[in-house]
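*Asks:* What follows is each chain in one-letter form.
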Amino acid sequence: MPDTIHPNGLEDQVDEFEIAVPSPPELMRRRAKSHRGFIIGGSVVLFFLAVAVFAPVLAPYGPYDQELTKRLIPPVWDAAKGTWDHPFGTDALGRDYLTRLMYGAQISLMIGFFAAAVSAIVGSTIGMIGGYFGGRVDNFIMYLINVKLALPGLLVALSLVSVFGGSILALILILSFLFWDRYAVVTRSVTQQIRVNDYITAAQALGTSRTRIIIGEVLPNVMNQIIVIASLEMAVAIIVEAALSFLGLGVQPPTPSWGLLLSEGRSYMFFMPYLINFPGLAIFFLVISINMMGDGIRDITAPEGRN
Amino acid sequence: MNQLMGQFGHPDSDAVPALECRNVGRTFMIKKGMFAEKQPLKAVQEVSLQVNRGEVLAIVGESGCGKTTLAKMLLGLLEPTTGEILLDGVPINSVSIKDIARKVQPVFQDPYSSLNPRKTIEQIISLPLKVHEIGSKESRRARVEEYMRLVGLPKRLVHSYPNQLSGGQRQRVAIARALIMEPKIVVCDEPTSALDVSVQAHILNLLQDLRKELNLTYAFISHDLAVVEHLADWVAVMYLGRLIEFGKAIDIFNNPKHPYTRALLDSVLTPDASLGLPEITLGRGLPNPLSPPSGCYFHPRCPDAKEQCSAEQPALIENEDRLIECHLYK
Amino acid sequence: MSSDTVLEVENLSVDIAVPAGTLHAVSNLSLQVEQGETLCIVGESGCGKSITSLAIMNLLPRKAKLTADKLALEDRDLLSMSESEFAKLRGDRIGMIFQDPMTSLNPVFRIGDQLEEVYIQHGKGGRKEARERAEFLLEKVGIVAPTERLSQYPHQLSGGLRQRMMIAMTLMCDPALIIADEPTTALDVTMQAQTLNLLRSLQKEFNAGLILITHDLGVVARMADRVMVMYAGRAVEIGSAEEVFDMPTHPYTQGLIDCIPVPGRTEPGSKLGSIRGIVPALVGDLDGCMFRNRCDHVSDPCLSGDIGLTEISAGRAYRCHLSPEESKNKLSVEGAACP
Amino acid sequence: MAKFLLHRLYIAILVAITVSVIAFSLLRLSGDLAAELAGEDASEEEIAQTAKQYGLDRPLYVQYFDWAGDALTGDLGRSLFTNEPVVEMIFERIGVTIKLALYAIFVSLIVAIPLGVLASVRPNTLIDRMALGIAVFGQAIPNFYFALLLILLFAVNLRWLPISGNDSFANFILPAFTLGLGAMPQFMRLTRSGMLDVLDSDFIRTARAKGLNPRRVLFKHALRNAILPIVSLMAVVLGFLLGGTVIIESIFALNGVGFLAFESIMRQDFPVVQSIVFILSLSYIVLTLLSDLINAQLDPRIRLG
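Chains as they are written, first to last, in my numbering: chain A, 1 to 307; chain B, 308 to 637; chain C, 638 to 976; chain D, 977 to 1281.
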């Protein structure tokens, strides 16, 4: 090792004009703190999460407790019939609606999260491989994506659910099949952009294995996009699960899925609109807050220079 | 050809050259569309040159002349389709890419794309050690700091990210990453052309100092002939994938022989206000490398073209103090 | 101001709102360009040279705020003009050539349409006259078979050809002023000299003023009638090309010249001169000389206050506390140390 | 250009074949076909007999080629439930679905494109925020819930529009609006971001430096470039809408292919489901080919490249 070469000027002292540029993690922290959509969306998601996790503690009744004498009690603000015993009223079988809604959050969040996570892992792996290797591998992956896009997803999902039944695990896997392509498309194109960077060439020139390059050099640069898509896909997964259950092809009664509540409430909606409004609004608010959070993450992790 | 190279140019050629190209060529098969015939693109053809330990070999030419392809072959990232490359007399294709990596390392042009924006400076500089499983975590850290000092990076930047560094500092990081493997040869691909003038001087001085200190050999790829003149011992001029002139820098700059080399030298705009703009008589731009001209590739742009030039491809011959590929010289 | 003056700018400042505060991209810049004259603005990245050109064109980004005492093109006050009045001048009296010819032309329209629409938009004539003018100019910029070229799309042309198209496009309406922002930086060296030659000869032929913005001292020396060196949003030295290159008065100019290797002048393998330190970030309140952190001749007056331009002779000025004699002595001694 | 299209066609055919294999296996996945055909009380023997009669005892690939061969001649088999030819069932109803999808895409485009353009021209203003708000709303509201709300409001309370049926144009208004709102955010966001990118590009700066009037810069130079990805998205969304009508058609009892698919799934009539999946996939493939063709016409880099 030679002596230090004095490199003309770059002393260890800070130049008087030097300004502190935040590091990427620091920058994200700062942006997150001042991003209103992210904070609001994130708080609401956290609220739903807390309700879901602590439903057994918080809920006034059990999700399947029926009291046939107390059927279709309207919410508490109905001056004539409302009661604090059932603040959100009861359903056609006399089950406490608030309790059912709280347990419904469990199902929505669980299916949404795992469907988004499984499809993220599968889709991103496929996308990064196609984007990095290019050539025939990429052609094959493009072909897979094209096949997936050509299939009417909801219809295939409905058929599969009708074949395999509406267990939560089956739903998660079927929904994952529905959503992997978006990750694949995005990670593939981002990887293609990253691949041409000189830091990839530098890693190659070290004899780094391809797996190591994909995991160590490419993935950290794709991660943000994956998280953004995951949040958006989670929102869609929640809607689709509700839709399947609404059609009677998802989670089976008496499980309190929001989609199922909507479907059950549909017969009474002309007289008891709260039966569809509570689950409908629950889905709407959960989805909108996840979307706000996702849009927030996108803004927060965006490279500098874009507003 | 090999014989020719043996006789040529190196009076002290008892020593094995640090880097030698023998008749190196690389052809890409370009496919335009699904059913089209693949077309050969000869990115590099019949390049023969050599450089001794501690010397600087400059490879010059315009974009599309094949210098980047050549650089990738020198780094072992592309295999030559013809000929062979020798490092210290050992053919490059007889050793693994990791062994090549210990001897040859790159420094790239764009200091923004050559550093992973999601990694800290320490992670970037220590990557070679990690990939090659050299040393413990602590010893790697010490070595990173050592090399940061060597290239003039303040220690406080060790946990910074590339976006927090100036262009010059980033290029120093890239140099430290290249040197930490203690390679003998550094392939510098336009290392200063993305930098500001005042920063370029720092980096060129640093590269000079490091070469002397560590007895490094540079393959220095550039289109800036002023920089090349300043730095290089040997100059190889490439045109459309072919080596058209190769010799000692001093000879080539004092007496360029190939008409293309002359045109390149004429194109250098020195900051001399008393001179006007040079008249360059090259006419049109570079031809399509997929269908290069007949005969000498340069003849459509050559002011001295003869009949023979469009019919017959000249061979690379030895002419006095250099190798040249031109019908004007015998 | 003489009647030959095409452009006159007094105390132009451009402030840009950034997250950290206000970025003073250009501060109190004054310049003028005469008919048929080439003014080169030279400086490193971030010195404000491109912002200056966009300010003159009124093409600044939305977040940028422009202030000036005077901004006049051919005696017309640009400051009081509405955007639609200004648009009538752009492409007509004042044309601009950008750095990257690969992205500066619209990929989905034919070259001919893009050239002709300037002519038609500014009411110079109909489609037929526009086509004739375009063909005439393509011959001027040395393009063989102009008719075929006009019916091609940008992606079918090489970078050098595209830049010539850009030059032809700015000349469609016979402008009084051309602004070229790094017009040859993206081109190969052999195309650079040709393109510059073309630009210069056409500028003289059409008797237009030319503002050439570049970081390349070689281009400046060969092209400029007058030179303005910019640093940190300010003009630090102004003068004729000979004056600035043969006898720089600002330490920054001297430093820049020392930095580049010059065949025949710098000794191969020798150490190049260099400028230490970093370019200041121009955010917040700026005080004193912006070059003080990189300068070898700093004294107390450099640290605060406003450093004005010192005029040595007509059209020759610099922004430094060193007197002309001091700067001559100090800088030339230093210059001699670096052969 | 010809090469480009040939390449696309080649991929399209490959995808179509794969999709047909998947559609075919969907039927096989659904259980023992022979048992279903033979009826609920059939004995082992009768089932075997049925299997033989329908050729279900042959190797799967033989059955596939058999099915595919029939499909090529326009024979997609018969419904297990009504015993009608599936092709006839589908073609009776596909008109309703196509109408619905076209209305829906019209609704979403007519809102999304002007709004996206406005939002991109005036980023971070009230109009931009409004556009974003509508997009976020459209993305978050489950369409089956939104459909119920529309029914409550317009059909029950206001009595302006019919609740269900498919006889008149009025029947399509609510379903088209529901579907259109769901598709709108994608177009809005793509228009906005595409326009922002294009407006930021060098050639738009050139156009402005030429002194072109702002409308010409926006509508000729910018929109022409930004429209390219929108055309591709239109094909994708239209394909998606054709398949996505399952829920909406069931809610509004529109007798289209989606409703048929839903009914068939509910009564395990898999030959019908399989055929609908296959036909919808084919229409998606044709639509994307068409959009490629249009894009090639709009973009000289493809046309001449």
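No lab work stands behind these hints, which were simulated from the structure alone. All C-beta atoms in this analysis are idealised placements derived from N, C-alpha and C, irrespective of residue type, glycine included. Do not take every clue at face value.
Unchecked claim - Covered by chain C, according to a simulated footprint, are these stretches of chain B (three or more residues, beta-carbon under 8 Å): (1) 503-512; (2) 558-571; (3) 579-587.
*Asks:* Hint by hint, which ones does this structure get wrong, listed from lowest number up?
*Replies:* No hint contradicted; all consistent.
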